[in-house]
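Peer 1: Here is how the chains run, residue by residue.
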Amino acid sequence: MVAEGLLDGKRVLVTGGSGGIGRGISTVAAGEGARVAFTWHRNAEGAAATQSAIESHGAACLSISCDLTDPQTADNVVRRIEEEWQGVDVLFNNAGVSASIPFVLIDDAELAAVMELNFFAAFRLCRAAARGMIRRKHGRIVNISSIVASRSIAGPPHYAASKGALDGLTRSLAHELGPYNILVNGIAAGIFDGGLRASIPEHHQRRYLDACALGRVGAPAECGELAAWLASERNTYTNGAIVWADGGTLA
Amino acid sequence: MIFLPSPPPKRSRDGAFLFYTRSLCPQCRGVIDAHLLIRDGQVFMQKRCPEHGRFEVIVSNDAEYYVRSLSYTKPGTEPYRFATRVEHGCPSDCGLCEDHLQHTCTAILEINDKCDLTCPVCIVRNQNRYSMPFEDFQRAVDSLIEAEGELAVLFLSGGEPTLHPRFFDMCDYVLRGPHEGRIKRLLISTHGRRIASNTRFAERFKASGAYASLQFDTLRPGVYPVMRGVELLEMKMQCIERIAELDIPTVLVSTVSKGDNSDEVGALIDFGVQMDQVSSVVIQPMAHTGDGGDRFHADPAGHRLTMPEIHGLVGAQSKWLKAEHFYPVPCSHPSCYTATYLFKMNDGSFRALPEFVNIRQYLDAMANQAVIRSDDKLERMLLDAVMALWSATKVGDEAPCENEVLVNSFKTFLKDTFNSRNPLSPTEVERRTEARSKAIFIHAFMDAWDLDVARLKKCCTHYVMPDGRLMPGCSYNNLYRQRDERFFPAAAEATHLPVVS
Chain R
1 MVAEGLLDGK RVLVTGGSGG IGRGISTVAA GEGARVAFTW HRNAEGAAAT
51 QSAIESHGAA CLSISCDLTD PQTADNVVRR IEEEWQGVDV LFNNAGVSAS
101 IPFVLIDDAE LAAVMELNFF AAFRLCRAAA RGMIRRKHGR IVNISSIVAS
151 RSIAGPPHYA ASKGALDGLT RSLAHELGPY NILVNGIAAG IFDGGLRASI
201 PEHHQRRYLD ACALGRVGAP AECGELAAWL ASERNTYTNG AIVWADGGTL
251 A
Chain U
1 MIFLPSPPPK RSRDGAFLFY TRSLCPQCRG VIDAHLLIRD GQVFMQKRCP
51 EHGRFEVIVS NDAEYYVRSL SYTKPGTEPY RFATRVEHGC PSDCGLCEDH
101 LQHTCTAILE INDKCDLTCP VCIVRNQNRY SMPFEDFQRA VDSLIEAEGE
151 LAVLFLSGGE PTLHPRFFDM CDYVLRGPHE GRIKRLLIST HGRRIASNTR
201 FAERFKASGA YASLQFDTLR PGVYPVMRGV ELLEMKMQCI ERIAELDIPT
251 VLVSTVSKGD NSDEVGALID FGVQMDQVSS VVIQPMAHTG DGGDRFHADP
301 AGHRLTMPEI HGLVGAQSKW LKAEHFYPVP CSHPSCYTAT YLFKMNDGSF
351 RALPEFVNIR QYLDAMANQA VIRSDDKLER MLLDAVMALW SATKVGDEAP
401 CENEVLVNSF KTFLKDTFNS RNPLSPTEVE RRTEARSKAI FIHAFMDAWD
451 LDVARLKKCC THYVMPDGRL MPGCSYNNLY RQRDERFFPA AAEATHLPVV
501 S
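Here the protein sequences line up with chains R and U, keeping their order.
The working numbering applies: residue 1 is where the first sequence begins, and numbers increase by one.
The working numbering applies: residue 1 is where the second sequence begins, and numbers increase by one.
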């Protein structure tokens, strides 16, 4: 008997796939039978590594270099995948940016840059992907958020605000798209290897590890496992949830 | 060996049995058995009176539509009280009896039988003797509210109700009296003469808050003399001008007689739709009761227009409406009332909702009421329509298209009306919904030829009697009107009337 993958045959889009959690989700999704398209910006080396990881599972891969802060990009990315694969079944909004800056020193441009990628791009991607999902009356969206969105722990305020906005979007879309069999969930990620971990000051990471019940940061594939399940057909009732993946840090 | 002659071949019946019902003898008005059958793709009623013989009448020119339409049904609603006991069975216990399957959606109160016209197609038979005492009127309205609590629509009718000396007092009592707010819409069934010719009357009419339910049968000369006994076109157009000038909310009601004005259905609908003041157009295929039955077409064979036939006329004559846009209004029997609701686009044009909404949701939005609901079901239906239209095109296909007008119009309406950051009162939501929508109704009354108790059972258009009884429209017109002592005192003495419980 051949074990079926959680995402067999699904057409998956992962944003920010060139490293960290994005690569973890891409790799797990490929291992679970999905065709994986991922976006990346600037990190060509990382993108090549992600592509290799996806293809090592024998999965089809689309590597898309783009700037998601351009308002046109979300539509262009979804259209590109629709042209190749005729649709997007699952969207993982993972791309994000952060910079550890004290509140009083954050200028408008820095605020806008964080909101543009972490929230506006995610919003536009949800809208672009939902179009075909509504038509097909099926879809899954998983937004990668952060534990700083809902808990008072140290984190850059503009980053925390952008993830709070993303959580609001997740819950609202769960209501609005649920009737069309589109389930929308979020993952409140703690600290994971790679990706944004580099932007977190060392002393904050230490406090996190002290509090973490598992005493370690997460591996990107661990977030990928949860994301894959939330996006799978096995998930039929979890909708509008923000699921914590923080090793029990805030438990 | 004896060779027996083979028996003669048995003859087949000429149609396939559909169901059994009860009806009336068109001659003596006695209640008799009847059955419906399908023949040559049409539905016929056959019945036999022991005294006057066999009758056959066409019920639907499209058997497939007829059978399908029966599935558009919903459980009825009970009124707070019934008025008569079940003694003889339908249709002999009207009032409503406790076996009646629907409450009152639309009530008709005849406040006089005086009229300055003698229309050959009139479905009643005015004796020009009755003018309802104001106290009786108050009692009738009170009893209506007692039975229903609140009501979507009340018609004041007659006769010509605007000739009643206390007409405006009656409007006041309904809209501003002790039951203020309980009756959503007061309509006055009028020929329009007083509005057309008397400025002061028209201004008072506007101030009363009532809707004009204007008889409006044609747009060309020569038809009114046939149907209404005299040329009325100029007067009707004056009335229309006055309605537009004073912004009087109006329903246009067109009686349609085959061969007389049946080629104008599309034009009449277009005329009503383009008027801001007109909230709905009602097409009433000719029913042969009252004067219409006696004098216009004594034998209506060849003059009947069935429901799908009217839909077909609309489809053939209109540039934008189709027969498929009409669905039975689920509150009544599907052969009595069909409708299509129209939605106003941002550019001022109208589109039929069934073109682009989910039909089950649409029927829910019409359920058990004669006007479209303005609640969460409407919001859900429009939201789903937006989603369906928006998702029908692919990402990037943003070139202006037909759907864009629809989607933007829905978006404007949803934003203006169901805006949770600025919740509106239910009345305001209703007002905005009405401003955005119109309805085309087809209302088929029955006469003694096609009366079917299965249709009567679910009738929701009821005449209000001064004693509080509520009479299903077609049972009253065909059976009880002749015995109503207000109009026919001598006849009433000798006849059985339902027992008031």
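The reader is advised that the hints may include incorrect statements.
[What the hints assert, rightly or not] Dumping the calculated DMTMM-like pairs for lysine to aspartate or glutamate here, alpha-carbon to alpha-carbon at most 25 Å: (1) 394(U) with 75(R); (2) 137(R) with 379(U); (3) 411(U) with 83(R); (4) 137(R) with 434(U); (5) 394(U) with 83(R); (6) 458(U) with 231(U); (7) 377(U) with 299(U); (8) 415(U) with 176(R); (9) 415(U) with 167(R); (10) 137(R) with 404(U); (11) 137(R) with 384(U); (12) 137(R) with 150(U); (13) 377(U) with 83(R).
Hints are computed from structural coordinates only; laboratory data are not their basis.
Peer 1: Between residue 458(U) and residue 231(U), is the straight-line Cα distance small enough, at 25 Å or below?
Peer 2: The hint is violated at about 37 Å.
Peer 1: Taking 25 Å as the top limit, are the C-alpha atoms of residue 137(R) and residue 150(U) close enough?
Peer 2: Distance ~40 Å between residue 137(R) and residue 150(U) Cα, so the pair is violated.
Peer 1: When you check the alpha-carbon spacing of residue 394(U) and residue 83(R), does it fall within 25 Å?
Peer 2: holds (10 Å)
Peer 1: Quickly compare the C-alpha distance for residue 377(U) and residue 299(U) to 25 Å and report which way the hint goes.
Peer 2: Judged against 25 Å, a Cα distance of about 45 Å means the pair is violated.
Peer 1: Please work out if residue 377(U) and residue 83(R) have their alpha carbons no farther apart than 25 Å.
Peer 2: Not satisfied, since the Cα-Cα distance of roughly 37 Å exceeds 25 Å.
Peer 1: For the pair we were handed, residue 394(U) and residue 75(R), check the Cα-Cα distance against 25 Å.
Peer 2: holds (10 Å)
Peer 1: Does the alpha-carbon distance linking residue 137(R) and residue 404(U) stay inside the 25 Å limit?
Peer 2: OK: residue 137(R) and residue 404(U) at ~21 Å, within 25 Å.
Peer 1: Sort out whether residue 83(R) lies within 25 Å of residue 411(U), counting only the CA atoms.
Peer 2: violated (29 Å)
Peer 1: Within 25 Å, alpha carbon to alpha carbon, are residue 137(R) and residue 384(U)?
Peer 2: holds (12 Å)
Peer 1: Mind checking the alpha carbons of residue 415(U) and residue 167(R) for me, to see if they're no more than 25 Å apart?
Peer 2: holds (23 Å)
Peer 1: Need the status of pair residue 415(U), residue 176(R): alpha-carbon distance at most 25 Å?
Peer 2: holds (15 Å)
Peer 1: Given the proposed pairing of residue 137(R) with residue 379(U), does the C-alpha separation stay at or below 25 Å?
Peer 2: Measuring from Cα to Cα gives roughly 20 Å; hence the hint holds.
Taken one by one, the earlier hints fail for this structure at numbers 3, 4, 6, 7, 12 and 13, listed in ascending order.
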